[in-house]
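K.L.:
Sequence:
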Amino acid sequence: MKASRRVFLSGAGAAAAATALTGAASAQNVIDAILASPRRGAWNDQFDAQVSASATRVTSNMPVLSAETASFVERAIADYSQIVANGGWPAVPSTKKLQIGVIDPDVEILRRRLMISGDLSPRAGMSPAFDSYVDAALKRFQTRHGLPADGTTGRYTYSALNVSAPVRLGQLQTNLGRLRQMVSSGTLEQRYVMVNIPGAEIEAVENGRVVLRHTAIVGKVDRQTPILSSRIHQIILNPYWNAPVSIVRRDIIPLMRENPNYLRDNNIRMIAPDGREVDPLTVDWSTEEATRYRFRQDPGRINAMASVKIDFHNEHAVYMHDTPQQNLFRDQERFHSSGCVRVQNVRDLVTWILRNTPNWDRRTIEHTIQTKEDVRIPVADPVPVHFVYFSAWSTGDGVVHFRDDIYGMDGAAELQISTAL
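Residues 11 to 431 in the numbering used here are what the sequence shown spells out, letter by letter.
Fair warning: there could be bad hints in the mix.
Taking lysine-lysine pairs in the BS3-like style, the calculated list, with each CA pair at most 30 angstroms apart, reads [claimed, not checked]:
| hint | residue 1 | residue 2 |
| --- | --- | --- |
| 1 | K149 | K230 |
| 2 | K107 | K149 |
| 3 | K106 | K149 |
Beta-carbon label-pair distances, calculated as ranges [stated by the list, open to error]:
| hint | residue 1 | residue 2 | range |
| --- | --- | --- | --- |
| 4 | R165 | M136 | 24 to 34 angstroms |
| 5 | R373 | R260 | 35 to 45 angstroms |
| 6 | D407 | R306 | 45 to 55 angstroms |
| 7 | D294 | L222 | 44 to 54 angstroms |
| 8 | I126 | Q183 | 16 to 26 angstroms |
| 9 | R133 | N252 | 57 to 67 angstroms |
| 10 | D284 | G421 | 41 to 51 angstroms |
| 11 | G421 | P100 | 18 to 28 angstroms |
| 12 | G187 | V288 | 45 to 55 angstroms |
Worth flagging that the hints you see were computed from the coordinates, not collected in a lab.
Yeah, the Cβ is synthetic: ideal placement off N, Cα and C, and Gly gets one too.
Taking the hints into account, I'd like the entire structure generated from these sequences.
P.N.:
In structure tokens, the structure reads:
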């Protein structure tokens, strides 16, 4: 930072030397005005803030599901126990929009909050100014909590900031138990896929490191994605979609009552137990007669699974798949499905799964999808898949991650941020 200031001053000095004496005095007055400005920290402190943030990066290629992560959570529990013993952190008043450039007494409270959790360096000092130090620290906090790192205190950020230290400690302890149970079971292999339900995120792991990370859409609160372990044994390109009875009952029947053309408009066919196609107009939609039939959607652009289905045996009849609703991956709360898991950039994941399956490289996958023909591909080396529920973990370097306890499994109401707002 001092070097940057010297460069700035030396450049200004060189310019001044090239002018007349009066011009030099004028240039010096401009420099003095900049250095005396109350907003000076916004440019002068920015370089230290960036260096500080890079020293403790939030992102990591360490898997959430690993023995190494469990040891880091133990360390985080010790740190948070000390924070709790010291009185925790202050609640930040949530009545104002705080962002870079704002000068407000509440910024001092925000600074203390971020310092205690390790997001803001004590070097930043105490000030009512929301400078680049606070901006970098708040973005770090937001990233650790799965929030958009915009450096602005919106309602989700305030809710995450004001979860108390004792509750966060309890969340870590609860999730450590889940981690230990998984890593001690001996089921983890060198290559596996993990779906973290609270994080709505997928990791493809190989040799102890994350090689692919995908945004996911998981089950709604009333249609939860189950916790399970299985093996991916089949990839289906251009799949037919068969609606489960729960969706027929909850969605299709009500939609048909409103719009008798719904099945036709969505390329969904009704199939009788004997395999013949049934005319929807012959069914009494005021009853649940339709649950006797199978509802099959043809492959195509509007198919619920779009281009890909990732198949694995499980008692819940769930799977992973593509989706025509790509816009949902941009949502902050990605809990929209009926239990299955939608995968962003799913073809990258499928290519990785099929890596050891002969004759199925990325080019062949893409070409087959273009044919729009339903093709089933047995996976040569079935890949383990784990659907897990981790709402808190640590990847080391003092970085502790927290997510919304969307299904209420952690036992504290204030951790269910999405359902409370």
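K.L.:
Is the hinted pair K106 and K149 satisfied, with a Cα-Cα distance of at most 30 angstroms?
P.N.:
holds, 17 angstroms
K.L.:
Between I126 and Q183, is the Cβ distance one that fits in 16 to 26 angstroms?
P.N.:
holds, 19 angstroms
K.L.:
That 18 to 28 angstroms hint for G421 and P100 (C-beta), does it hold up?
P.N.:
holds, 24 angstroms
K.L.:
Can the suggested window of 41 to 51 angstroms be confirmed for the beta-carbon pair D284 and G421?
P.N.:
holds, 50 angstroms
K.L.:
Compare the distance between the alpha carbons of K107 and K149 with 30 angstroms, and conclude whether the hinted pair is satisfied.
P.N.:
Holds, at roughly 15 angstroms.
K.L.:
Does the beta carbon distance between R373 and R260 stay inside 35 to 45 angstroms, or does it fall outside?
P.N.:
Holds: the Cβ-Cβ distance is about 40 angstroms, inside 35 to 45 angstroms.
K.L.:
Mind checking the hinted window 45 to 55 angstroms against the Cβ distance between G187 and V288?
P.N.:
Taking Cβ atoms as reference, G187 and V288 lie about 50 angstroms apart, which means the hint holds.
K.L.:
K149 and K230 were given as a pair; does the straight-line alpha-carbon distance stay at or below 30 angstroms?
P.N.:
holds, 27 angstroms
K.L.:
Falls inside 24 to 34 angstroms, the C-beta gap from R165 to M136?
P.N.:
holds, 26 angstroms
K.L.:
Falls inside 45 to 55 angstroms, the C-beta gap from D407 to R306?
P.N.:
holds, 50 angstroms
K.L.:
That 57 to 67 angstroms hint for R133 and N252 (C-beta), does it hold up?
P.N.:
holds, 59 angstroms
K.L.:
Do D294 and L222 keep their Cβ atoms within the hinted range of 44 to 54 angstroms?
P.N.:
Taking Cβ atoms as reference, D294 and L222 lie about 48 angstroms apart, which means the hint holds.
In the structure shown, no violation is registered for any of the earlier numbered hints.
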